[in-house]
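*Asks:* Take a look at the letters that make up each chain.
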Amino acid sequence: MTETLNPAGIPAFPGTRAAGCPFDPPPALQGLQEHGPLVKVKLWDDSTPWLVTRYAEQRTLLADPRVSADITRPGYPSQAPYNGGSLSFILMDDPEHARLRRMVTAPFTIKRVEAMRPVVQKIVDDLIDDLLAGPKPVDLVEAFALPVPSLVICELLGVPYTDHDFFQDNSKTIIKRSATPEQRAAAGGRLAAYLDELVGRKLDDPQDDLLSQLAVRVKAGEMSRQEAAQMGVLLLIAGHETTANMIALGTLALLRHPGQLALLRESDDPKLVAGAVEELLRYLNITHSGRRRVALADIEIAGQVIRAGDGLIMPNDIANRDATAFADPDELNIRRDARRHVAFGFGVHQCLGQPLARMELQVVYSTLYRRIPTLRLATDLDQISFKHDGQVYGVYELPLTW
Amino acid sequence: MKITIDQDKCVSSGQCVTAAMDVFDQRDEDGIVLLLNPAPPAELADDVRQAAAVCPALAIHVTE
Numbered sequence: 291m292t293e294t295l296n297p298a299g300i301p302a303f304p305g306t307r308a309a310g311c312p313f314d315p316p317p318a319l320q321g322l323q324e325h326g327p328l329v330k331v332k333l334w335d336d337s338t339p340w341l342v343t344r345y346a347e348q349r350t351l352l353a354d355p356r357v358s359a360d361i362t363r364p365g366y367p368s369q370a371p372y373n374g375g376s377l378s379f380i381l382m383d384d385p386e387h388a389r390l391r392r393m394v395t396a397p398f399t400i401k402r403v404e405a406m407r408p409v410v411q412k413i414v415d416d417l418i419d420d421l422l423a424g425p426k427p428v429d430l431v432e433a434f435a436l437p438v439p440s441l442v443i444c445e446l447l448g449v450p451y452t453d454h455d456f457f458q459d460n461s462k463t464i465i466k467r468s469a470t471p472e473q474r475a476a477a478g479g480r481l482a483a484y485l486d487e488l489v490g491r492k493l494d495d496p497q498d499d500l501l502s503q504l505a506v507r508v509k510a511g512e513m514s515r516q517e518a519a520q521m522g523v524l525l526l527i528a529g530h531e532t533t534a535n536m537i538a539l540g541t542l543a544l545l546r547h548p549g550q551l552a553l554l555r556e557s558d559d560p561k562l563v564a565g566a567v568e569e570l571l572r573y574l575n576i577t578h579s580g581r582r583r584v585a586l587a588d589i590e591i592a593g594q595v596i597r598a599g600d601g602l603i604m605p606n607d608i609a610n611r612d613a614t615a616f617a618d619p620d621e622l623n624i625r626r627d628a629r630r631h632v633a634f635g636f637g638v639h640q641c642l643g644q645p646l647a648r649m650e651l652q653v654v655y656s657t658l659y660r661r662i663p664t665l666r667l668a669t670d671l672d673q674i675s676f677k678h679d680g681q682v683y684g685v686y687e688l689p690l691t692w
Numbered sequence: 006m007k008i009t010i011d012q013d014k015c016v017s018s019g020q021c022v023t024a025a026m027d028v029f030d031q032r033d034e035d036g037i038v039l040l041l042n043p044a045p046p047a048e049l050a051d052d053v054r055q056a057a058a059v060c061p062a063l064a065i066h067v068t069e
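Protein chains in written order, with our numbering: chain A, 291 to 692; chain B, 6 to 69.
A couple of the hints might just be wrong.
[As the list claims (entries may be wrong)] As a list, the in silico EDC-like pairs of lysine to aspartate or glutamate whose alpha-carbon atoms are at most 20 Å apart:
| no. | chain 1 | residue 1 | chain 2 | residue 2 |
| --- | --- | --- | --- | --- |
| 1 | B | Lys14 | A | Asp354 |
| 2 | A | Lys401 | B | Asp30 |
| 3 | A | Lys509 | B | Asp35 |
| 4 | A | Lys561 | B | Asp27 |
| 5 | B | Lys14 | A | Asp384 |
| 6 | B | Lys7 | B | Asp52 |
| 7 | A | Lys466 | A | Asp679 |
| 8 | A | Lys466 | A | Glu432 |
| 9 | A | Lys466 | A | Asp429 |
| 10 | A | Lys401 | B | Glu34 |
| 11 | A | Lys561 | B | Asp52 |
| 12 | A | Lys401 | B | Asp33 |
| 13 | B | Lys7 | B | Asp30 |
| 14 | A | Lys561 | B | Asp51 |
| 15 | A | Lys509 | B | Glu34 |
| 16 | A | Lys426 | A | Glu687 |
| 17 | A | Lys466 | A | Glu687 |
| 18 | B | Lys14 | A | Asp360 |
| 19 | B | Lys14 | B | Asp35 |
| 20 | A | Lys509 | A | Asp495 |
| 21 | A | Lys561 | B | Glu48 |
| 22 | A | Lys401 | B | Asp52 |
| 23 | B | Lys7 | B | Asp27 |
| 24 | A | Lys330 | A | Asp588 |
| 25 | A | Lys401 | B | Asp27 |
| 26 | B | Lys14 | A | Asp383 |
| 27 | A | Lys677 | A | Glu432 |
| 28 | A | Lys412 | A | Glu445 |
[Claimed, not checked] Take a look, some chain A residues computed to stay more than 12 Å from chain B by CB distance:
| no. | residue |
| --- | --- |
| 29 | Arg363 |
| 30 | Leu381 |
| 31 | Asp455 |
| 32 | Lys462 |
| 33 | Ala469 |
| 34 | Ala482 |
| 35 | Gly490 |
| 36 | Ser514 |
| 37 | Gln516 |
| 38 | Ala528 |
| 39 | Asp600 |
| 40 | Trp692 |
Calculated directly from the structure, the hints in this document are not laboratory data.
Even glycine gets a Cβ: it sits at the ideal position worked out from N, Cα and C.
Go ahead and model the full structure; you've got the sequences and the hints to work with.
*Replies:* Rendered as structure tokens:
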């Protein structure tokens, strides 16, 4: 085994994207991929975890039970100091992770998600009706990309129609750039209190929705009412801004690739639409902080030994642009088979909501551009502000006209 | 082609159903994989290989 030498000292992670290339990963990261499958990087706290640069090694490690997602373990490459707060199952290992995850998997079966498709179609159609009836230009983020997933989550959790505005307003505040940390915390607190109260209502009057299913578990003593409410908050946070950014950034990417947009707009083949969703997920990678793990044992991979306690960072953006996994990886091609991408991660922690996210994006991408075929950017690309600093990558605003 | 599944490893992603719905299904109560046909016909072989490849939990084993 040889020690890996990095090209020029130990590079800092994360890097920055190149000006004028808002859809591509930072060039320095792509350079590290050429250097080898495993390289050391330096984080904000001067720790030096491994950066896993290639698709194959990322998949292997993310599916390896000797690799832990537990943020409390020494060596875990955290993005910021861990404050000792309560953890969601995202940051736990099995068996506790599996126990909690299985409590919320039922609404995300393919059958249940398909049954929601007409509801999502109606949400999308109604919002487009409002767009067409309103003034131009319009900010797609505010008027469409954020409301779609917010209303879908209302439907999933079982938030009554009369509470939708309250739910949407507070969800928006949590992710608003101009909101102060205090305003964000207050909005989060209001939603947590609301969801707790709603779980209480579902205990008395269960409906066919996720919170009612959790209420059944509360009654059976499998979880506390507070845990059920926290699960609701987690699903909201995980499913809101992510989907919204895929809608807005995906629309911008398609407007910048008019040939691809025309293919999508002129096809009524659901397979082509589903393929376009997979390709945009592969190409755009709105989660851009890298999946974080820590090794529980010595692991031999790609001619290296990862030692027990070594941190691991696996950025899906460079894995999805790995030429050994996808031919011409930097080209957006909605007709390619991109289904094996790792935009949702891999292993037992893969995104729980991915079947719902995929269906929402299929409905949006197959509806928005057909109903507004002359949709175009109402500003220059260099006027658009990108979420370089965000947990989730995307655009802050997307002014469009038609 | 012979298929085995590991329900203890399954994380209910449902991607096997999307890839090969004549071969895989999910339990209603928690989305865990159900094997409808352990020895599918040759015309489904590509779909089954795809299902095994996208399973995030490596819970599908295919013997050719």
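*Asks:* A separate judgement is required for each hint: does it hold in the structure or not?
*Replies:* Do the hints match the structure? See the list:
1. Lys14(B) <-> Asp354(A): holds (12 Å)
2. Lys401(A) <-> Asp30(B): holds (9 Å)
3. Lys509(A) <-> Asp35(B): holds (18 Å)
4. Lys561(A) <-> Asp27(B): Holds - the C-alpha atoms of Asp27(B) and Lys561(A) are around 17 Å apart, at most 20 Å.
5. Lys14(B) <-> Asp384(A): holds (10 Å)
6. Lys7(B) <-> Asp52(B): Holds: Lys7(B) and Asp52(B) sit about 13 Å apart, inside 20 Å.
7. Lys466(A) <-> Asp679(A): Distance ~13 Å between Lys466(A) and Asp679(A) Cα, so the pair holds.
8. Lys466(A) <-> Glu432(A): holds (10 Å)
9. Lys466(A) <-> Asp429(A): The hint holds at about 14 Å.
10. Lys401(A) <-> Glu34(B): holds (12 Å)
11. Lys561(A) <-> Asp52(B): Holds, at about 14 Å.
12. Lys401(A) <-> Asp33(B): holds (8 Å)
13. Lys7(B) <-> Asp30(B): Cα-Cα ~17 Å, so holds.
14. Lys561(A) <-> Asp51(B): Cα-Cα ~16 Å, so holds.
15. Lys509(A) <-> Glu34(B): holds (17 Å)
16. Lys426(A) <-> Glu687(A): holds (14 Å)
17. Lys466(A) <-> Glu687(A): Distance of about 11 Å is within 20 Å: holds.
18. Lys14(B) <-> Asp360(A): holds (19 Å)
19. Lys14(B) <-> Asp35(B): holds (13 Å)
20. Lys509(A) <-> Asp495(A): holds (12 Å)
21. Lys561(A) <-> Glu48(B): holds (18 Å)
22. Lys401(A) <-> Asp52(B): Holds, because 19 Å separates the two Cα atoms, which is no more than 20 Å.
23. Lys7(B) <-> Asp27(B): Roughly 14 Å separates the two Cα atoms, so the pair holds.
24. Lys330(A) <-> Asp588(A): Distance of about 16 Å is within 20 Å: holds.
25. Lys401(A) <-> Asp27(B): holds (13 Å)
26. Lys14(B) <-> Asp383(A): Distance of about 13 Å is within 20 Å: holds.
27. Lys677(A) <-> Glu432(A): holds (15 Å)
28. Lys412(A) <-> Glu445(A): holds (12 Å)
29. Arg363: Given that every Cβ of chain B is farther than 12 Å from that of Arg363(A), nearest at about 21 Å, it holds.
30. Leu381: Holds: least Cβ distance 16 Å, greater than 12 Å.
31. Asp455: Given that every Cβ of chain B is farther than 12 Å from that of Asp455(A), nearest at about 32 Å, it holds.
32. Lys462: Correct as stated: the minimum Cβ-Cβ distance to chain B is 29 Å, above 12 Å.
33. Ala469: holds (34 Å)
34. Ala482: Holds, since 25 Å exceeds 12 Å.
35. Gly490: Non-interface label on Gly490(A) holds, nearest chain B Cβ at 24 Å vs cutoff 12 Å.
36. Ser514: Holds: least Cβ distance 20 Å, greater than 12 Å.
37. Gln516: holds (22 Å)
38. Ala528: holds (15 Å)
39. Asp600: holds (22 Å)
40. Trp692: At roughly 33 Å from the nearest Cβ of chain B, Trp692(A) sits farther out than 12 Å, so the non-interface label holds.
Violated hints for the displayed structure: none, as all numbered hints are satisfied.
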